[in-house]
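Colleague: Below, each chain spelled out in residue letters.
2 protein chains.
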Amino acid sequence: MIIIVAKSVVKPGCKAAYIAAARELIEKSQAEPGCLTYDLYEDLNDPSTLTMIEFWKDQAAIDAHNASPHFTTIVPKLAEFREGPGEVHFYQKAE
Amino acid sequence: MIIIVAKSVVKPGCKAAYIAAARELIEKSQAEPGCLTYDLYEDLNDPSTLTMIEFWKDQAAIDAHNASPHFTTIVPKLAEFREGPGEVHFYQKAE
Numbered sequence: 001m002i003i004i005v006a007k008s009v010v011k012p013g014c015k016a017a018y019i020a021a022a023r024e025l026i027e028k029s030q031a032e033p034g035c036l037t038y039d040l041y042e043d044l045n046d047p048s049t050l051t052m053i054e055f056w057k058d059q060a061a062i063d064a065h066n067a068s069p070h071f072t073t074i075v076p077k078l079a080e081f082r083e084g085p086g087e088v089h090f091y092q093k094a095e
Numbered sequence: 001m002i003i004i005v006a007k008s009v010v011k012p013g014c015k016a017a018y019i020a021a022a023r024e025l026i027e028k029s030q031a032e033p034g035c036l037t038y039d040l041y042e043d044l045n046d047p048s049t050l051t052m053i054e055f056w057k058d059q060a061a062i063d064a065h066n067a068s069p070h071f072t073t074i075v076p077k078l079a080e081f082r083e084g085p086g087e088v089h090f091y092q093k094a095e
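For the protein sequence lines, the chains are A and B, in the order given. First residue of the first sequence? That's 1 in full-length UniProt numbering, and the numbers climb one at a time after it. First residue of the second sequence? That's 1 in full-length UniProt numbering, and the numbers climb one at a time after it.
In isolation and in its complexed conformation, chain A is listed as follows:
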């Protein structure tokens, strides 16, 4: 299993638009066979921070996701609402 934590700071006034644009990405990603969980969360201590937390079966599932039409079309749109590139971490269980 690989977990992705993708943290974004949204531009002032763009939060609702970001969440609305992300909705289709979330629904279609959740439907992907290798997706265990995938959703968008807001930081309780910083309303401008929105973070996607994603649990994937393996790297192949992530590769398929990154090549999917919903990823390739929606993710660039989300970037328009974001301050800077965002912060993305990839995790695996610590053994």
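Hints may contain errors.
Since copy identity is lost for identical chains, a pair holds within one copy or between any two.
Below are the SDA-like pairs computed for lysine to any residue, each with C-alpha atoms no more than 20 Å apart in a straight line [to be verified]:
1) Lys7 to Ile53
2) Lys11 to Asn45
3) Lys7 to Arg82
4) Lys15 to Glu95
No lab work stands behind these hints: they were computed from the structure.
Based on the hints, put chain B in the right spot on chain A.
Modeller: Same frame as chain A, but now just chain B:
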């Protein structure tokens, strides 16, 4: 549901000790009634970063966790192996 993402950078040579000390905390936390998932992950791009990713039913579950014997005894020990205070984010689903 509330998600906690607690990111720590461990001191050189302290990673194995950190993971070993966290094991009991993980097992006992996972057994708590309000815990949906709780585990320790390593950053695939930065071996010194270890992050606890926790899904809790609600704030009451977190309060009970923070008051638990395993939390109050083990978390201070983990701090000994960490560089600085760590970075903790609390998230709820973005609506």
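Colleague: Now tell me if each hint is right for this structure.
Modeller: Hints versus structure:
{"no.": "1", "hint": "Lys7 to Ile53", "verdict": "both (9 Å within a copy, 14 Å between copies)"}
{"no.": "2", "hint": "Lys11 to Asn45", "verdict": "within (16 Å within a copy, 27 Å between copies)"}
{"no.": "3", "hint": "Lys7 to Arg82", "verdict": "within (10 Å within a copy, 22 Å between copies)"}
{"no.": "4", "hint": "Lys15 to Glu95", "verdict": "between (37 Å within a copy, 10 Å between copies)"}
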